[in-house]
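Engineer: Could you slot chain Y onto chain W? The hints should help.
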Amino acid sequence: MSLEHFLSQAVSSWMSEEGPDSDIVLSTRIRLARNFNKYKLPTLFSYEEAKKVIYEIEGVLKQSDFRKFGLMELLRIDEMQPLQKRVLVEKHLISPHLAEDSPYGAVLLTENEEVSIMINEEDHLRIQCLFPGLQLAEALNTANEVDDWLENHIEYAFDEKYGYLTSCPTNVGTGIRASVMMHLPGLILTQQMNRIIPAINQLGLVVRGIYGEGSEALGNIFQISNQITLGKSEEDICRDLMGVVSQLISQERSAREALRKTSNIQLEDRVFRSLGVLENCRIIESKEAAQCLSDVRLGIDMGYIQNMSRTILNELMILTQPGFLQQYAGGPLRPFERDIRRASLIRERIKLESQ
Amino acid sequence: MICQECNQRPAALHFTKIINGEKTEFHLCEKCAQEHGEMFIFGGDSGFTINNLLAGLFSIDQSLQKPAQSPFRQEDILQCGHCSMTFPQFLKVGRFGCAHCYETFKDQLVPVLKRLHSGNWTHTGKIPERIGGEIHLKKQIEILKNQLQECISHEEFEKAAKIRDEIRILEKKIAASQEGGE
Numbered sequence: 010m011s012l013e014h015f016l017s018q019a020v021s022s023w024m025s026e027e028g029p030d031s032d033i034v035l036s037t038r039i040r041l042a043r044n045f046n047k048y049k050l051p052t053l054f055s056y057e058e059a060k061k062v063i064y065e066i067e068g069v070l071k072q073s074d075f076r077k078f079g080l081m082e083l084l085r086i087d088e089m090q091p092l093q094k095r096v097l098v099e100k101h102l103i104s105p106h107l108a109e110d111s112p113y114g115a116v117l118l119t120e121n122e123e124v125s126i127m128i129n130e131e132d133h134l135r136i137q138c139l140f141p142g143l144q145l146a147e148a149l150n151t152a153n154e155v156d157d158w159l160e161n162h163i164e165y166a167f168d169e170k171y172g173y174l175t176s177c178p179t180n181v182g183t184g185i186r187a188s189v190m191m192h193l194p195g196l197i198l199t200q201q202m203n204r205i206i207p208a209i210n211q212l213g214l215v216v217r218g219i220y221g222e223g224s225e226a227l228g229n230i231f232q233i234s235n236q237i238t239l240g241k242s243e244e245d246i247c248r249d250l251m252g253v254v255s256q257l258i259s260q261e262r263s264a265r266e267a268l269r270k271t272s273n274i275q276l277e278d279r280v281f282r283s284l285g286v287l288e289n290c291r292i293i294e295s296k297e298a299a300q301c302l303s304d305v306r307l308g309i310d311m312g313y314i315q316n317m318s319r320t321i322l323n324e325l326m327i328l329t330q331p332g333f334l335q336q337y338a339g340g341p342l343r344p345f346e347r348d349i350r351r352a353s354l355i356r357e358r359i360k361l362e363s364q
Numbered sequence: 194m195i196c197q198e199c200n201q202r203p204a205a206l207h208f209t210k211i212i213n214g215e216k217t218e219f220h221l222c223e224k225c226a227q228e229h230g231e232m233f234i235f236g237g238d239s240g241f242t243i244n245n246l247l248a249g250l251f252s253i254d255q256s257l258q259k260p261a262q263s264p265f266r267q268e269d270i271l272q273c274g275h276c277s278m279t280f281p282q283f284l285k286v287g288r289f290g291c292a293h294c295y296e297t298f299k300d301q302l303v304p305v306l307k308r309l310h311s312g313n314w315t316h317t318g319k320i321p322e323r324i325g326g327e328i329h330l331k332k333q334i335e336i337l338k339n340q341l342q343e344c345i346s347h348e349e350f351e352k353a354a355k356i357r358d359e360i361r362i363l364e365k366k367i368a369a370s371q372e373g374g375e
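First to last, the protein sequences are chains W and Y.
Oh and the first sequence: position 121 is 130 in the working numbering, straight run, nothing missing.
Oh and the second sequence: position 161 is 354 in the working numbering, straight run, nothing missing.
Take the hints with a grain of salt, since some may be wrong.
Covered by chain Y, per the in silico footprint, the following chain W stretches (three or more residues, Cβ under 8 angstroms) [said to hold, decoys possible]:
1. 43 to 52
2. 157 to 169
3. 178 to 185
4. 228 to 241
Read the hints as simulated data drawn from the structure, not as lab findings.
C-beta atoms are modelled at their ideal positions from N, C-alpha and C, and glycine is treated no differently.
Only chain W is shown next, with the shape it has when bound in the complex (with noise of 0.2 angstroms):
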């Protein structure tokens, strides 16, 4: 199985399928950081050090093959061109960090892509599980298992007192950030957004775009996880997080409904307009295609749209952005180009939702 294979198959499950509560929740990540004890941290290793932990991690592949998700497959960060780095970053299966200031990073990947291992970024290795819809309890529990199967074989860094040693004290206890995305159309458009982000922080909670800290809410999705990861059990964080996303869900719902009453056609037609262009225009930059693709998701659930799949605003806000669609063209493209490509790869997608 090669890296042509990960990049073919672009669509990663947690984009296309379906999960508990996906009319609001598109997806449910876990990441566990975690670190040999013997070996210095990325912060000051050195590349032989860095060698060796991923020397290491072939060891354990070799010994023992995590086989509940298929094969697993080794990525080495510097045999990888930058647009297929890219295009995994865009995928959400390697952080920015490792694809960029990572000269020693690698990457394990299941084949369902719902597991991620990212080796030598921050910490040694982060373990991330990427769920579609909100099934914390669910990831949390692969998370689990994978690092117990990689506890069989590795003395860990840890500390009776701190817990899981990490690179930075942010990180430092169960080493676990839990988070949720969610698409937040209707809290948006009822503008209680602005008052329910301050709420949702101090609850020791933090909110972001989709792409992480300081992005804009591009296509009214949001990022709520954990910030304290000592002194809570892995299951109190989970537990934590859901019961503000529960409330979030009830009121985005609250929200629709609310808007349905009063603003039935206005809605009606924002969200058709919204198709509109969507499947006639030739030049449409990121941002005016993340909020059409937003207006066309909360049309399909609100059932102003139908024959059409949900998991269209998954699979379009990934392959709209710029690393795939370069992939899609097979070379680099300037930005103009893209807003070209952006235009046609959606009307196609569109179309073969007719189809």
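Structural biologist: Leaving out everything else, chain Y in the frame of chain W:
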């Protein structure tokens, strides 16, 4: 306004960072912003901002302590015996060099951990199965001791006696494994 990175093009991106009330402003042109860009666009868990913030937390601690310290103390530079990372170096990058740094810098670390993790500084989550055998037992004992206290305060003495016996068994297990290990 001119971009503070290249000092050539006009600044198009302005942002303000506030660390404990101290404001720092950034003005970048589109090109320089794009070069730093991945951080803004794909920030994710990128350490850029958080590390700067961290350094802020630690240095504030130091500046508060300064008056109380004797002038000699300031010349001691803490250094990790394992990876030779110094404390100033850690402040600069916001990340530790090796697992032993946590022990080396523990005096500075605890107050900052408390601030980062809303008052918490001890781990109560998962314990690795293989290397954590003894820790598992100790944590279990801690939980049981808490239950014991509760039972006593509710005057459930029968239950308390049971729990006390369980604690004794666990404590024996630890003692046995320690003897075996030596």
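Engineer: Verify this for me: three or more residues of the region 228 to 241 of chain W with a beta carbon less than 8 angstroms from a beta carbon of chain Y.
Structural biologist: holds (count 5)
Engineer: Using a Cβ cutoff of 8 angstroms, are there at least 3 residues of the region 43 to 52 of chain W near chain Y, or does the coverage claim fail?
Structural biologist: holds (count 6)
Engineer: Count the residues of the region 178 to 185 of chain W whose CB lies closer than 8 angstroms to any CB of chain Y, then report whether that count reaches three.
Structural biologist: holds (count 6)
Engineer: State whether the coverage of the region 157 to 169 of chain W by chain Y holds or is violated, taking the criterion as 3 or more residues with Cβ-Cβ distances under 8 angstroms.
Structural biologist: holds (count 9)
Of the numbered hints stated above, none is contradicted by the structure.
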